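Student: Okay, here's what each chain looks like letter by letter:
2 protein chains.
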Amino acid sequence: MIIDCHGHYTTAPKELESYRQRQIAALDDPSHVSSKGTLNISDDQLRQSLENAQLKFQRERGTDLTIFSPRASGMAHHIGNATTSLHWSEICNELIHRICTLYPDNFIGVCQLPQSPGVPPENCIGELKRCVLEFGFVGCNLNPDPSGGYWTDPPLTDRWWYPLYEKMVELDVPAMVHVSSSCNPNFHATGAHYINADTTAFMQFLTSDLFKDFPTLKFIIPHGGGGVPYHWGRYRGLAQDMKRPPLGELLLRNVFFDTCVYHLPGIELLLKVVPIENILFASEMVGAVKGIDPETGNYFDDTKRYIDAVPWLSADDRRNIFECNARRVYGRLKTSRLV
Amino acid sequence: MIIDCHGHYTTAPKELESYRQRQIAALDDPSHVSSKGTLNISDDQLRQSLENAQLKFQRERGTDLTIFSPRASGMAHHIGNATTSLHWSEICNELIHRICTLYPDNFIGVCQLPQSPGVPPENCIGELKRCVLEFGFVGCNLNPDPSGGYWTDPPLTDRWWYPLYEKMVELDVPAMVHVSSSCNPNFHATGAHYINADTTAFMQFLTSDLFKDFPTLKFIIPHGGGGVPYHWGRYRGLAQDMKRPPLGELLLRNVFFDTCVYHLPGIELLLKVVPIENILFASEMVGAVKGIDPETGNYFDDTKRYIDAVPWLSADDRRNIFECNARRVYGRLKTSRLV
Numbered sequence: 001m002i003i004d005c006h007g008h009y010t011t012a013p014k015e016l017e018s019y020r021q022r023q024i025a026a027l028d029d030p031s032h033v034s035s036k037g038t039l040n041i042s043d044d045q046l047r048q049s050l051e052n053a054q055l056k057f058q059r060e061r062g063t064d065l066t067i068f069s070p071r072a073s074g075m076a077h078h079i080g081n082a083t084t085s086l087h088w089s090e091i092c093n094e095l096i097h098r099i100c101t102l103y104p105d106n107f108i109g110v111c112q113l114p115q116s117p118g119v120p121p122e123n124c125i126g127e128l129k130r131c132v133l134e135f136g137f138v139g140c141n142l143n144p145d146p147s148g149g150y151w152t153d154p155p156l157t158d159r160w161w162y163p164l165y166e167k168m169v170e171l172d173v174p175a176m177v178h179v180s181s182s183c184n185p186n187f188h189a190t191g192a193h194y195i196n197a198d199t200t201a202f203m204q205f206l207t208s209d210l211f212k213d214f215p216t217l218k219f220i221i222p223h224g225g226g227g228v229p230y231h232w233g234r235y236r237g238l239a240q241d242m243k244r245p246p247l248g249e250l251l252l253r254n255v256f257f258d259t260c261v262y263h264l265p266g267i268e269l270l271l272k273v274v275p276i277e278n279i280l281f282a283s284e285m286v287g288a289v290k291g292i293d294p295e296t297g298n299y300f301d302d303t304k305r306y307i308d309a310v311p312w313l314s315a316d317d318r319r320n321i322f323e324c325n326a327r328r329v330y331g332r333l334k335t336s337r338l339v
Numbered sequence: 001m002i003i004d005c006h007g008h009y010t011t012a013p014k015e016l017e018s019y020r021q022r023q024i025a026a027l028d029d030p031s032h033v034s035s036k037g038t039l040n041i042s043d044d045q046l047r048q049s050l051e052n053a054q055l056k057f058q059r060e061r062g063t064d065l066t067i068f069s070p071r072a073s074g075m076a077h078h079i080g081n082a083t084t085s086l087h088w089s090e091i092c093n094e095l096i097h098r099i100c101t102l103y104p105d106n107f108i109g110v111c112q113l114p115q116s117p118g119v120p121p122e123n124c125i126g127e128l129k130r131c132v133l134e135f136g137f138v139g140c141n142l143n144p145d146p147s148g149g150y151w152t153d154p155p156l157t158d159r160w161w162y163p164l165y166e167k168m169v170e171l172d173v174p175a176m177v178h179v180s181s182s183c184n185p186n187f188h189a190t191g192a193h194y195i196n197a198d199t200t201a202f203m204q205f206l207t208s209d210l211f212k213d214f215p216t217l218k219f220i221i222p223h224g225g226g227g228v229p230y231h232w233g234r235y236r237g238l239a240q241d242m243k244r245p246p247l248g249e250l251l252l253r254n255v256f257f258d259t260c261v262y263h264l265p266g267i268e269l270l271l272k273v274v275p276i277e278n279i280l281f282a283s284e285m286v287g288a289v290k291g292i293d294p295e296t297g298n299y300f301d302d303t304k305r306y307i308d309a310v311p312w313l314s315a316d317d318r319r320n321i322f323e324c325n326a327r328r329v330y331g332r333l334k335t336s337r338l339v
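So the protein sequences, as listed, match chains Y and H.
Counting from 1, one number per residue, gives the positions in the first sequence under this note's numbering.
Counting from 1, one number per residue, gives the positions in the second sequence under this note's numbering.
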């Protein structure tokens with residue numbers, strides 16, 4: 001079985017975007033009382049939005065189950081306030097839940113959290129519980145920078161985040177560290193902000209004792225760990241210079257990387273330097289890069305091909321990367337009726 | 001000849017730090033009229049600070065000339081105002097000039113710029129001219145985020161920066177894109193902020209037409225290009241999705257990467273995906289990582305060993321990486337009496 005741990009619902013019917021635009025427009029109207037409102041999208045529309053996209057690619061590429069969450073760049077936690085974010089997260093998560101109900105063999109949910117800059121993360125616990133306990137979701141996406149590129153909230157290792165971590169541990173759900181769109185003109189979202197956030201989170205973990213406080217807390221760093229595997233020597237060296245334990249002991253029981261790296265040399269590097277048990281297959285399809293690589297004739301984001309092309313992986317390595325590591329990290333997958 | 005294009009004066013006598021502390025302390029005193037003040041460091045102190053550090057490593061590792069600049073994390077452009085930054089830059093650049101005069105075969109200068117958040121970059125032109133025309137420096141370090149981790153100034157591709165670029169082109173000096181320390185608790189300086197800035201700058205270049213406006217402007221992105229080579233497929237794909245030209249045409253006549261990547265697999269990746277003519281040897285010694293890699297028994301930052309260990313490089317490739325590319329990018333090296 002092949003589990004893709006990183007897929008977003010990037011192909012939603014236009015009604016979802018219209019809902020969001022109405023929500024944002026209402027923020028300018030001081031007389032407006034925010035309410036969740038309604039979104040009318042039929043099951044057929046949902047099916048249609050997936051059939052020629054995620055489902056088609058699953059079939060073509062031979063992957064089975066996608067761990068599926070709302071569009072990451074759409075989260076935009078910097079817009080409006082905590083209520084804006086709550087309504088928007090609920091709407092997006094409910095769509096994911098409907099999709100997982102329509103296609104229980106193809107998708108299992110991960111939720112967007114109703115974060116908002118400056119608002120304590122414990123404010124997200126209600127929506128996390130709803131998604132995990134009522135919808136059967138197996139994880140959440142945690143935005144380390146709700147400000148959208150100004151990085152005004154505390155680092156992920158600050159006690160500010162601890163109440164949410166306590167609930168994650170209790171529910172046995174990991175978080176994928178995933179920023180959203182950038183409202184800072186310095187940062188292109190998928191080309192800079194995403195990769196930077198991945199690198200930043202890793203270094204926060206490296207310099208803290210977070211995992212002494214939460215030995216079973218788990219994070220997936222997406223996009224192949226940002227810049228981290230490429231600079232693996234730098235990180236080993238920095239940890240050593242700072243008299244920190246070796247990375248294995250310090251954080252590799254808690255921090256995992258996905259395989260959203262869109263060329264073979266990058267995947268080879270990842271598989272060479274990061275322990276196999278810390279690597280989870282993912283493609284982020286349909287996602288950041290949509291085109292076909294003229295150098296290979298295949299989709300850039302068809303990451304399974306790169307892994308298949310690495311000759312020195314054992315059958316066990318492949319099973320771990322494609323399935324078993326995801327089952328270990330997403331503890332609730334084990335008990336899900338789906339798998 | 002082996003040219004290391006990225007070395008900082010990280011081993012200055014403690015008098016330099018005392019000067020800086022006095023300067024910072026004076027900022028708290030409203031009655032204080034800022035003046036440059038004086039710094040007393042003897043030539044013998046300078047020699048001593050280098051003999052057992054940069055010079056020793058040059059000898060041990062078999063490198064010849066280091067393109068040398070003030071300590072990057074010490075620039076701290078976010079402290080004080082433009083006058084603070086000017087005095088501090090002058091002091092630091094003068095030390096580099098003295099070192100280059102003492103050891104003309106070992107060091108050639110690159111200057112720190114007196115940037116300050118919100119202050120137009122053309123304010124740096126005076127110090128750039130002084131360093132290039134009076135001191136014989138061959139480049140500058142340009143901080144894309146003078147705020148120190150809040151990214152409040154415009155992207156490097158904004159016209160905000162154009163007057164400085166005009167002067168750089170006129171003087172035929174490239175800039176290394178190099179942030180300084182971070183005052184944002186989210187970002188560890190050498191482990192996150194540096195790498196993020198490298199990635200960010202590349203994506204800014206990718207999405208702009210800066211090099212149509214300045215066809216001969218040149219940037220070196222240090223630390224092996226941040227996360228860029230590891231995600232080379234992502235960048236090729238993003239450019240293609242955005243209907244931008246291929247990277248070669250779009251920016252590889254203007255953007256270069258150094259080899260400050262502290263393990264062999266990272267260097268192999270860099271040499272595999274980035275055209276050889278865009279790679280400049282560098283070690284950043286004595287810099288970000290000071291220790292010895294227990295896996296190899298060698299210094300993490302002894303990057304020459306990694307390049308030497310790559311079997312498929314031709315003699316021409318090596319000459320380009322170690323010498324010729326630096327001579328092309330740092331145009332004034334050609335005319336310098338030193339080389």
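Hints were generated in silico from the structure; no laboratory data involved.
Computed from a prediction, not measured in an experiment: that's the story for all the values here.
Please note that a few of the clues may not be correct.
Remember, identical chains collapse to one label, so a pair may be satisfied in a single copy or spanning two.
To be verified - As a list, the in silico DMTMM-like pairs of lysine to aspartate or glutamate whose alpha-carbon atoms are at most 20 Å apart:
(1) 129 to 94
(2) 304 to 170
(3) 14 to 94
(4) 212 to 127
(5) 243 to 293
Student: What hint numbers does the structure not satisfy?
Tutor: 2 and 4
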